[in-house]
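Undergrad: As you go down the protein sequences, you meet chains A and B in turn.
Residues in the first sequence are numbered from 1 upward in steps of one, following this note's numbering.
Residues in the second sequence are numbered from 1 upward in steps of one, following this note's numbering.
Quick caveat, the hints were computed from the structure, so don't treat them as lab data.
Mixed in with the good hints there might be a few duds.
[Unchecked claim] The list that follows gives simulated cross-link-like pairs (lysine-lysine, DSS-like), each with its CA atoms no further than 25 angstroms apart:
#1 K168(A) - K128(A)
#2 K199(A) - K104(A)
#3 K81(B) - K137(B)
#4 K81(B) - K142(B)
#5 K101(A) - K23(B)
#6 K168(A) - K101(A)
#7 K52(A) - K23(A)
#8 K81(A) - K142(A)
#9 K104(B) - K52(A)
#10 K52(A) - K128(A)
#11 K137(B) - K104(A)
#12 K168(B) - K128(B)
#13 K101(A) - K5(B)
#14 K81(A) - K104(A)
#15 K101(B) - K81(B)
#16 K23(A) - K163(B)
#17 K101(B) - K142(B)
#18 K23(A) - K5(B)
#19 K5(A) - K52(B)
#20 K23(A) - K101(B)
#21 K5(A) - K101(B)
#22 K142(A) - K128(A)
#23 K128(B) - K142(B)
#24 K163(A) - K142(A)
#25 K168(B) - K199(B)
#26 K5(B) - K52(A)
#27 K162(B) - K137(B)
#28 K52(A) - K81(A)
#29 K23(B) - K23(A)
#30 K163(B) - K142(B)
#31 K137(B) - K163(B)
[Said to hold, decoys possible] Distance ranges between label pairs, derived from CB positions:
#32 F207(A) - Q41(B): 22 to 30 angstroms
#33 L152(A) - I176(B): 51 to 59 angstroms
#34 K23(A) - Y31(B): 17 to 25 angstroms
#35 Y31(A) - G58(B): 21 to 29 angstroms
#36 A194(B) - E155(A): 44 to 52 angstroms
For each residue, glycine too, the CB sits at the ideal point set by N, CA and C.
Number of protein chains: 2
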Amino acid sequence: MRLPKAIENLIEALERLPGIGPKSAARLGFYLLRVPESERQALGNSVLAVGKETQLCGRCYNVCEASGSESPLCSVCADEKRDRSMVCVVEDPLDLISFEKTGKYPGVYHVLHGVISPLEHVGPENLKIDELMNRLKTEPIKEVILALNPSLEGEATAMYLKKVISQKPGVGSIRITRLASGIPTGGDLEYADALTLTKALEGRQDF
Amino acid sequence: MRLPKAIENLIEALERLPGIGPKSAARLGFYLLRVPESERQALGNSVLAVGKETQLCGRCYNVCEASGSESPLCSVCADEKRDRSMVCVVEDPLDLISFEKTGKYPGVYHVLHGVISPLEHVGPENLKIDELMNRLKTEPIKEVILALNPSLEGEATAMYLKKVISQKPGVGSIRITRLASGIPTGGDLEYADALTLTKALEGRQDF
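In isolation and in its complexed conformation, chain A is listed as follows (with noise of 0.2 angstroms):
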């Protein structure tokens, strides 16, 4: 018993999306054979359009509609009001939603586009690291602020940028500061873990 060619193929592709396995993906592509013609016309034609629809900001490289010029700008740094002098650095363009949500940044920043992970061969080279670089250079930035995933990559990340930003020569006196670490708002510090609860002593302050 085989399955038709077309739902093999599907189940391959939707196999290969994070997060979903090979059941996931067997009972989303029968989903899908299912659904109105309409629906799958719908998510069929946003998956092939979202590449060619969309460009990377030329300067911080958050995504943005494609404007057909070569190094567009996204509406961040478009905006003339931005703080140019402080770069909030984050691993994608979701993190910078979330920031942009809150309302209270007032500076620019740099999307590196992942982490490093030796185990999945993303080295600094993959990332938006060089970019960064040389906007220390070019751009009057005064902070850095490292605000990446308190995960192990985002961790060793922020090390390595870190380390390579203090030492390249031509790069004057930049601040470099990471987002705190504490209790989360609404949050309950008899669920706190106990390295969440070390990070909130450690990092309290005068009040």
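Dock chain B against the given chain A, drawing on the hints supplied.
TA: Below, chain B without anything else, positioned relative to chain A:
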């Protein structure tokens, strides 16, 4: 801060998939933005193709390769060696494949394409139930095995089918059976829930 339209469309389409919430959809969307163009094409094209390149079997409603014919036969129905007096009624083609993998089922199938679920507005008229009743009249079927999932909806659908099959005039003496309910192979009695254990006890057999 707004996302480019193409990404918004993609995330919206991904969100409609079962089991994928807004957060996963955003993560998958940005993942797809990062992969090589070829991978997006594989996924997008296979989603678009799956409806066109498959058809439902004209007899049991299993999926099969599109042949252009009005009512093609799937590989099971086309197999002359299958026992046509025994019909196994399943919810979807994936269940059929599970039975085929055992290699122990000699009969044919009937795929309902869903179960009765008032909450999701799926009534008997949305399933291949009329088609099953037609088969019972025209084919030499002696036994109907109701192999629906042991969920609330599956049980209700099985009850409904039992009622309509046994009441239907013109449908003679058909044996209606259901799958055995009990401890799965390799299962541990210690971890079995009370209902499973009760059913295993009730269904005990001479040894």
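Undergrad: Now look at each hint and say whether the structure bears it out.
TA: Hint-by-hint comparison with the structure:
1. K168(A) - K128(A): 16 angstroms, holds
2. K199(A) - K104(A): 24 angstroms, holds
3. K81(B) - K137(B): OK: K81(B) and K137(B) at ~22 angstroms, within 25 angstroms.
4. K81(B) - K142(B): 17 angstroms, holds
5. K101(A) - K23(B): 15 angstroms, holds
6. K168(A) - K101(A): Roughly 33 angstroms separates the two Cα atoms, so the pair is violated.
7. K52(A) - K23(A): Violated, at about 31 angstroms.
8. K81(A) - K142(A): 17 angstroms, holds
9. K104(B) - K52(A): Violated: K104(B) and K52(A) sit about 50 angstroms apart, past 25 angstroms.
10. K52(A) - K128(A): 21 angstroms, holds
11. K137(B) - K104(A): 71 angstroms, violated
12. K168(B) - K128(B): With Cα atoms ~16 angstroms apart, K168(B) and K128(B) stay inside 25 angstroms; holds.
13. K101(A) - K5(B): Holds, at about 18 angstroms.
14. K81(A) - K104(A): OK: K81(A) and K104(A) at ~13 angstroms, within 25 angstroms.
15. K101(B) - K81(B): 17 angstroms, holds
16. K23(A) - K163(B): The hint is violated at about 33 angstroms.
17. K101(B) - K142(B): 24 angstroms, holds
18. K23(A) - K5(B): Distance ~31 angstroms between K23(A) and K5(B) Cα, so the pair is violated.
19. K5(A) - K52(B): 12 angstroms, holds
20. K23(A) - K101(B): 15 angstroms, holds
21. K5(A) - K101(B): 18 angstroms, holds
22. K142(A) - K128(A): Roughly 19 angstroms between the alpha carbons, so the hint for K142(A) and K128(A) holds.
23. K128(B) - K142(B): Holds - the C-alpha atoms of K142(B) and K128(B) are around 19 angstroms apart, at most 25 angstroms.
24. K163(A) - K142(A): 16 angstroms, holds
25. K168(B) - K199(B): Answer violated: K168(B) to K199(B) is near 29 angstroms, above 25 angstroms.
26. K5(B) - K52(A): Roughly 12 angstroms between the alpha carbons, so the hint for K5(B) and K52(A) holds.
27. K162(B) - K137(B): 15 angstroms, holds
28. K52(A) - K81(A): 30 angstroms, violated
29. K23(B) - K23(A): 21 angstroms, holds
30. K163(B) - K142(B): Measuring from Cα to Cα gives roughly 16 angstroms; hence the hint holds.
31. K137(B) - K163(B): 16 angstroms, holds
32. F207(A) - Q41(B): 22 to 30 angstroms: Given range 22 to 30 angstroms: violated, Cβ gap about 57 angstroms.
33. L152(A) - I176(B): 51 to 59 angstroms: 57 angstroms, holds
34. K23(A) - Y31(B): 17 to 25 angstroms: 20 angstroms, holds
35. Y31(A) - G58(B): 21 to 29 angstroms: 23 angstroms, holds
36. A194(B) - E155(A): 44 to 52 angstroms: 47 angstroms, holds
The structure is inconsistent with the numbered hints 6, 7, 9, 11, 16, 18, 25, 28 and 32, although it conforms to all the rest.
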